[in-house]
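K.L.:
Turn these sequences into a full structure, and let the hints steer you where they fit.
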Amino acid sequence: MNAELNPDTSIPFNPVMNERRLRAIHKREEVIELLKKGVWVYIILLLTEGAIRKWGLPRLAAPLLIVRDPVAIWMLFVAIKNGLFPSNNYVWSMVWVSIFAFFIAISIGHGSMAVAVYGTRILLIHFPLMFLIGSLFNREDVIKFGKIMMWISIPMLLLIAVQFYSPQSSFINRGVGGDLAGGGFAGALGFFRPPGTFSFTSGNTQFWSVVGIFVVYFWLNPSGVPRILLIAASVCLIASIPLSISRTLIFQVVITVVFAFISVSKNPKYIGRMILAGIGIAIAVSLLNKLDFFQKSTEALVSRYTDASASEGGLEGTLGNRFLGGLLGAVQQTNQPFFGYGIGMGTNVGAKLLTGDVNEFLIAEEEWGRLIGEMGTVMGVIVILIRLSFCFKAGWLSFKRLADKDILPWMILSMAFVFIAQSQWAQPTTLGFSTLIGGLLISSLKIEKPKVNEEQ
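Sequential numbering from 30 applies to the sequence shown in the working numbering.
Just so you know, these hints were derived from the structure itself, not from any lab.
These numbers were taken from a predicted model, which means no experiment stands behind them.
You may find that some hints are simply not true.
Unchecked claim - Straight line, CA to CA, 30 Å or less: simulated DSS-like cross-link-like pairs of lysine-lysine:
| id | residue 1 | residue 2 |
| --- | --- | --- |
| 1 | K319 | K176 |
| 2 | K173 | K298 |
| 3 | K298 | K176 |
P.N.:
Next comes the structure, spelled out in structure tokens:
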């Protein structure tokens with residue numbers, strides 16, 4: 030019996046030590062399950078924060094802007110206490126840079142403690158949280174999340190459709206804090222970009238970008254998902270593109286589809302499913318195009334795309350300014366202090382606290398320009414390189430997984446690469462989606478280990 034429980038018979042079997050080991054394993058599993066619930070709370074708050082600030086508790090709109098932060102701090106505290114904190118070069122490099130930037134900001138920078146704290150929390154709390162989510166979730170959790178997002182896409186489409194065709198003065202379009210001017214953003218042909226349940230229209234775009242990842246993934250891997258759900262979510266995704274009046278969403282969906290074609294080229298078995306998905310999309314577009322609401326929203330999207338592209342120099346200018354982040358232009362800013370103006374100053378909240386005007390960008394609208402303007406060329410470039418190095422490593426690992434016919438990390442990368450590399454983390458909703466999608470990418474890259482019998 031002892032030999033069966035302890036194959037190394039040279040080491041005497043110790044029932045007390047074995048019991049302690051089992052208790053430690055059980056406690057660790059309980060903590061992991063508790064932290065997983067924290068991740069789901071974070072997700073729920075990400076999807077509903079704007080709705081609460083607009084319709085639920087408008088008087089608390091300002092503090093609710095960072096409603097996810099207490100959850101994130103609690104999760105990191107519990108993880109550190111139980112030895113689950115994600116310790117790696119990416120995390121520690123970002124932690125030390127953010128701490129140094131904080132003291133620079135309050136000493137020789139803008140000097141505002143509140144602004145410095147708000148800016149530092151981005152790198153000190155949410156960036157490590159991305160790795161913690163990655164260590165807590167497994168592949169099953171990622172798939173479950175994808176299915177839930179597809180279910181949510183159905184009522185979300187109905188909501189943005191009502192917002193699209195309703196006046197900005199209506200309750201459904203109420204702005205943050207109960208703003209009667211409306212929460213939509215200028216679109217085209219008299220229509221406004223709907224925000225959905227989010228504070229700003231960018232949240233709606235990011236939501237549908239995530240849905241797009243899993244719609245494409247499940248078309249290539251349909252097992253385990255109801256066909257009716259996949260079809261419904263696909264129709265909702267297609268309809269959301271013109272209703273959102275968002276070029277960013279178009280670009281993101283195109284990127285996801287391109288990644289899908291690359292995965293098909295590496296795994297020819299997916300060709301048939303890709304063709305089937307293409308036929309289904311063509312049929313859906315054809316049917317939707319017969320509906321008046323789809324035709325009008327498409328006209329608005331085309332109008333905005335044409336006008337914006339003309340003002341930005343066509344597709345090349347749009348991609349260069351929006352998606353390449355303007356690193357060269359940011360580095361060439363020679364009229365700024367060596368250590369920057371202080372972390373947090375480039376955020377809207379920082380602008381509000383320092384000047385009283387939330388609509389003014391004190392440093393730069395683009396993410397890389399903001400980072401370098403806040404922390405100076407050296408620290409700003411370090412933060413950018415940390416984000417880029419993570420993206421390239423995750424990209425390489427995801428690409429290698431294609432050889433094993435595992436396309437999940439690769440499809441998540443189609444959104445994660447852009448969002449982690451250069452998305453505007455100063456905006457809380459964008460920060461939340463970046464943290465979440467990065468965590469899902471890390472989770473999908475984990476190789477699941479077979480469960481060990483606890484009696485051994």
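K.L.:
Each hint: holds or not?
P.N.:
So, going through the hints one by one against the coordinates:
1. Simply put, K319 and K176 have alpha-carbon atoms about 29 Å apart, close enough for the 30 Å limit, and the pair holds.
2. Between K173 and K298 the CA atoms are separated by roughly 24 Å; this keeps the pair inside 30 Å, and the hint holds.
3. Distance hint between K298 and K176 is fulfilled; the C-alpha atoms sit about 23 Å from each other, no more than 30 Å.
Of the numbered hints listed earlier, not one is contradicted by the structure.
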